[in-house]
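From first to last, the protein sequence lines are chains A and B. Just so you know, we're using this note's numbering here: the first sequence kicks off at 770 and counts up by one. Just so you know, we're using this note's numbering here: the second sequence kicks off at 770 and counts up by one.
A couple of the hints might just be wrong.
As the list claims (entries may be wrong) - Computed cross-link-like contacts, DSBU-like style, restricted to lysine-lysine with a CA-CA straight-line distance of at most 35 Å:
#1 B/K940 <-> B/K1044
#2 A/K1076 <-> A/K917
#3 B/K1044 <-> A/K1076
#4 A/K940 <-> A/K917
#5 B/K917 <-> B/K942
#6 A/K1044 <-> A/K1076
#7 B/K940 <-> B/K917
#8 A/K1076 <-> B/K1078
#9 A/K856 <-> B/K1076
#10 A/K1044 <-> B/K1044
#11 B/K856 <-> B/K839
#12 B/K942 <-> B/K1076
#13 B/K1044 <-> B/K1076
#14 B/K942 <-> B/K839
#15 B/K942 <-> B/K1078
#16 A/K1078 <-> B/K856
#17 A/K940 <-> A/K856
#18 B/K1044 <-> A/K1078
#19 B/K1044 <-> A/K940
#20 B/K940 <-> B/K1076
#21 B/K856 <-> A/K839
#22 B/K917 <-> B/K1078
#23 B/K940 <-> A/K1044
#24 A/K1044 <-> A/K942
#25 B/K1078 <-> A/K1044
#26 B/K940 <-> A/K1076
#27 A/K917 <-> A/K942
#28 A/K917 <-> B/K917
#29 B/K917 <-> B/K839
#30 A/K942 <-> A/K839
#31 A/K1044 <-> A/K917
#32 B/K1044 <-> A/K917
#33 A/K1076 <-> A/K940
#34 B/K1076 <-> B/K917
#35 A/K942 <-> A/K1078
#36 A/K940 <-> A/K1078
#37 A/K942 <-> B/K1044
#38 B/K940 <-> B/K1078
By construction, these hints were calculated from the structure, which means they are not laboratory data.
There are 2 protein chains.
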Amino acid sequence: MPQSDTVNRRIVLASRPHGAPTPRDFRLDQTPVPTPGDGQVLLRTLYLSLDPYMRGLMDEIGPSYAPSVKLGEPMAGGTVSRVVASKHPRFRESELVLGAAGWQDYALSDGEGLTALGDMAQPSLAVGGLGMPAFTAYVGLLDIGQPKPGETVVVAAATGAVGAVVGQIAKLKGARVIGIAGGADKCRYAVEELGFDVCLDRNDAQLAQRLAEVCPNGIDVYFENVGGVVFDAVLPLLNNYARVPVCGVIAHYNDEAPLPGPDRLPQAMSTLLQKRIRMEGFIILDHYADRFDAFRRDMSEWLAAGKVKLREDVVDGLEHAPAAFIGLLEGRNFGKLVVRVADA
Amino acid sequence: MPQSDTVNRRIVLASRPHGAPTPRDFRLDQTPVPTPGDGQVLLRTLYLSLDPYMRGLMDEIGPSYAPSVKLGEPMAGGTVSRVVASKHPRFRESELVLGAAGWQDYALSDGEGLTALGDMAQPSLAVGGLGMPAFTAYVGLLDIGQPKPGETVVVAAATGAVGAVVGQIAKLKGARVIGIAGGADKCRYAVEELGFDVCLDRNDAQLAQRLAEVCPNGIDVYFENVGGVVFDAVLPLLNNYARVPVCGVIAHYNDEAPLPGPDRLPQAMSTLLQKRIRMEGFIILDHYADRFDAFRRDMSEWLAAGKVKLREDVVDGLEHAPAAFIGLLEGRNFGKLVVRVADA
Chain A
770 MPQSDTVNRR IVLASRPHGA PTPRDFRLDQ TPVPTPGDGQ VLLRTLYLSL DPYMRGLMDE
830 IGPSYAPSVK LGEPMAGGTV SRVVASKHPR FRESELVLGA AGWQDYALSD GEGLTALGDM
890 AQPSLAVGGL GMPAFTAYVG LLDIGQPKPG ETVVVAAATG AVGAVVGQIA KLKGARVIGI
950 AGGADKCRYA VEELGFDVCL DRNDAQLAQR LAEVCPNGID VYFENVGGVV FDAVLPLLNN
1010 YARVPVCGVI AHYNDEAPLP GPDRLPQAMS TLLQKRIRME GFIILDHYAD RFDAFRRDMS
1070 EWLAAGKVKL REDVVDGLEH APAAFIGLLE GRNFGKLVVR VADA
Chain B
770 MPQSDTVNRR IVLASRPHGA PTPRDFRLDQ TPVPTPGDGQ VLLRTLYLSL DPYMRGLMDE
830 IGPSYAPSVK LGEPMAGGTV SRVVASKHPR FRESELVLGA AGWQDYALSD GEGLTALGDM
890 AQPSLAVGGL GMPAFTAYVG LLDIGQPKPG ETVVVAAATG AVGAVVGQIA KLKGARVIGI
950 AGGADKCRYA VEELGFDVCL DRNDAQLAQR LAEVCPNGID VYFENVGGVV FDAVLPLLNN
1010 YARVPVCGVI AHYNDEAPLP GPDRLPQAMS TLLQKRIRME GFIILDHYAD RFDAFRRDMS
1070 EWLAAGKVKL REDVVDGLEH APAAFIGLLE GRNFGKLVVR VADA
């Protein structure tokens, strides 16, 4: 089902999920392609980024940093688009832009938050290795995690859009890197392709014990992007003065009510205190102004030199976005998940 | 039961507590007063500081930052002592020193960790307003909490040795200060004597609602020294970029096993993330080298100018230390708890 010149396919929020989203929470509808007014551009989506934070936008009370999606409105999301028509002085027809057109073929924009991309051999990188997920890894690891040579860094979702970059940058900074990923294939990839020192299977019933075995000197930085059982395995191994950047807790995005006990908070707080641990949440939107240039410069260099590798999990066709997104929350993607909505 | 010249009364750890300590976990015994060898001093205890962290020292596996007390050995603790006899070049007979002689009348020291106090009108201040508890407040609030003028600071145990100083320094820095304390007398004292803007009773069944009412602009700094229900009331009110120095979780020191659910950790982590909160444990022992001089200078000034007030809860007699300590863990003290072991 390719893009049409006249019809705008949209994936709209059909109902608010209870727990994990199901296909019925999404609906594909069609509207006419809109016409740009003065000061507007019409965008045609090439790539749509799918990211875990979108789960929060589906709830009635969304996260504090972004408005929740209204019922019947298109799902929100970062996109690489081509300018189809422009009545905006800063953008010209046919150029590539990074924006937030959402889960649809076409969108209007007044230029706010829109960035011209110039020529890119691999435009999807703008929502991956040179975009938000890798930038999240960069800021969280370097500014909050601050790994020193010889320290041990642990990151989960190790082959995901954020985790893979965290681990590779940590290696570049001289740290020992332990990944945690779902399944043998991903673990092999993390070690053989990404250069992690070790990667453990998160489904291993003995995860806590295995992690202790491969961290004989404890853990200095834990990049938290999953929560759940991984945090439990990490907590007792954290060293004095460990840093825990908190970037996501994907394991809990589908929680509907407080989980049953035991209550793990007192132990976490006591550990924080006794080991003088710093735990800090961050939202990458806060850091574009002060850190994005440094990120783009460093990351472009590392990619060009082959020091950081990226794997994309490309899904073809806007209509497959809901299933792909549901799979992302279950860890079924292998690499940065993007939907190729159109070729060019 | 006054001090004797020949008998050393000691409060030793008789058994390791299960949950809250009881009087039977302590035993008063008597040994001969020891004789100092070359390079040693004999100390006679004047004031013994009682502090919540001591609960951790009673467990077989103590906190990471201090060794646990052995069964049959005197309880550990900070003291103001008089040098009775000295074979140490740095200390002379009859001078006042700050040290860690523990819960006993006499102790030997090789001078390590011993500080000459000079003449002090109120020597007990060395373990209170000019010592560890106030220094804890100073470093935790200023270095980690970093309150800005107009921000809202919340501190529990508001009339305690740490909390009272946290609140008063926060006021000096221009913050709005909400205390939480046990009972109407303490609350009145926090507002009328210490100058807190508001103080709420921690036993109020509507604590969470009351706190929300008195924090219309949310909470920017929560100085965590209690844990438990106070943390639950604070968490939903924390603002973006709030700071949470974690200095103690007294509510949990007696926990024997993980508490029943619900599990509060996922919600805490999600809040940390969404609001970009920094939560950081600290142990004051780490900061003596770099921050103690600044603390002593500032605090001496504030005390002299009457800008910071201190209330001591003085218990007379070493033999009453166990009951006083048990009361401290229950919040029965009113001000910095010290045992006057001898007058001079």
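A quick look at each hint next to the structure:
1. Under the criterion of a C-alpha separation no larger than 35 Å, the hint pairing B/K940 with B/K1044 is consistent with the structure, at around 24 Å.
2. Our distance criterion of 35 Å between C-alpha atoms is met by A/K1076 and A/K917, whose separation comes to about 18 Å.
3. For a cut-off of 35 Å, the pair hint linking B/K1044 to A/K1076 stands: about 33 Å separates their Cα positions.
4. Restraint check for A/K940 and A/K917: satisfied, since their Cα atoms lie roughly 10 Å apart, inside the 35 Å limit.
5. In summary, the hint linking B/K917 to B/K942 is supported, as the alpha carbons are separated by about 7 Å, within the 35 Å threshold.
6. Using a Cα cut-off of 35 Å, the hinted pair A/K1044 and A/K1076 holds, with the two alpha carbons roughly 33 Å apart.
7. With a CA separation close to 10 Å, the supplied pair B/K940 and B/K917 stays within the 35 Å bound.
8. For the given pair, A/K1076 sits about 58 Å from B/K1078 by alpha-carbon distance, which is inconsistent with the 35 Å threshold.
9. For the hint linking A/K856 to B/K1076, the alpha-carbon distance of about 63 Å lies beyond 35 Å, and the restraint is violated.
10. Restraint check: the Cα-Cα separation between A/K1044 and B/K1044 comes to about 23 Å, which is no more than 35 Å; the hinted pair holds.
11. The hinted pair formed by B/K856 and B/K839 meets the criterion: a straight-line CA distance of about 28 Å does not exceed 35 Å.
12. With a C-alpha separation of about 12 Å, the suggested pairing of B/K942 with B/K1076 holds against the 35 Å cut-off.
13. A threshold of 35 Å between alpha carbons decides the hint, and for B/K1044 with B/K1076 the separation of about 33 Å falls inside it, so the pair holds.
14. Distance check on the hinted pair: B/K942 and B/K839 sit about 43 Å apart at the alpha-carbon level, beyond 35 Å; violated.
15. For the hint linking B/K942 to B/K1078, the alpha-carbon distance of about 16 Å falls within 35 Å, and the restraint holds.
16. Distance restraint check for A/K1078 and B/K856: the Cα-Cα separation of roughly 67 Å exceeds the 35 Å cut-off, and the hinted pair is therefore not satisfied.
17. About 46 Å separates the Cα atoms of A/K940 and A/K856, which puts this hinted pair outside 35 Å; it is violated.
18. With a CA separation close to 31 Å, the supplied pair B/K1044 and A/K1078 stays within the 35 Å bound.
19. Proximity of B/K1044 to A/K940 is assessed by CA-CA distance (about 29 Å); at most 35 Å being required, the pair is judged to hold.
20. With a C-alpha separation of about 10 Å, the suggested pairing of B/K940 with B/K1076 holds against the 35 Å cut-off.
21. Distance restraint check for B/K856 and A/K839: the Cα-Cα separation of roughly 79 Å exceeds the 35 Å cut-off, and the hinted pair is therefore not satisfied.
22. For the hint linking B/K917 to B/K1078, the alpha-carbon distance of about 22 Å falls within 35 Å, and the restraint holds.
23. For the hint linking B/K940 to A/K1044, the alpha-carbon distance of about 29 Å falls within 35 Å, and the restraint holds.
24. Only pairs whose Cα atoms come within 35 Å are accepted, and A/K1044 paired with A/K942 is accepted, the gap being roughly 24 Å.
25. Proposed proximity of B/K1078 and A/K1044 is supported: the alpha carbons are some 31 Å apart, at most 35 Å.
26. Straight-line distance between C-alpha atoms of B/K940 and A/K1076 comes to about 51 Å, which puts the hinted pair past the 35 Å bound.
27. For the hint linking A/K917 to A/K942, the alpha-carbon distance of about 7 Å falls within 35 Å, and the restraint holds.
28. Under the criterion of a C-alpha separation no larger than 35 Å, the hint pairing A/K917 with B/K917 is consistent with the structure, at around 31 Å.
29. For the hint linking B/K917 to B/K839, the alpha-carbon distance of about 44 Å lies beyond 35 Å, and the restraint is violated.
30. Straight-line distance between C-alpha atoms of A/K942 and A/K839 comes to about 43 Å, which puts the hinted pair past the 35 Å bound.
31. The hinted pair formed by A/K1044 and A/K917 meets the criterion: a straight-line CA distance of about 18 Å does not exceed 35 Å.
32. A threshold of 35 Å between alpha carbons decides the hint, and for B/K1044 with A/K917 the separation of about 27 Å falls inside it, so the pair holds.
33. For the given pair, A/K1076 sits about 10 Å from A/K940 by alpha-carbon distance, which is consistent with the 35 Å threshold.
34. Taking the CA atoms of B/K1076 and B/K917, the gap is about 18 Å. The hint holds against a cut of 35 Å.
35. The suggested pairing of A/K942 with A/K1078 holds, with an alpha-carbon distance near 16 Å, which does not exceed 35 Å.
36. A distance of roughly 12 Å separates the Cα atoms of A/K940 and A/K1078; the hinted pair therefore holds under the 35 Å criterion.
37. Between A/K942 and B/K1044 the alpha-carbon distance is near 28 Å, which keeps this suggested pair within the 35 Å criterion.
38. Note on B/K940 and B/K1078: the hinted pairing holds, with a Cα-Cα distance of about 12 Å set against a maximum of 35 Å.
In summary, the numbered hints that this structure violates are 8, 9, 14, 16, 17, 21, 26, 29, 30.
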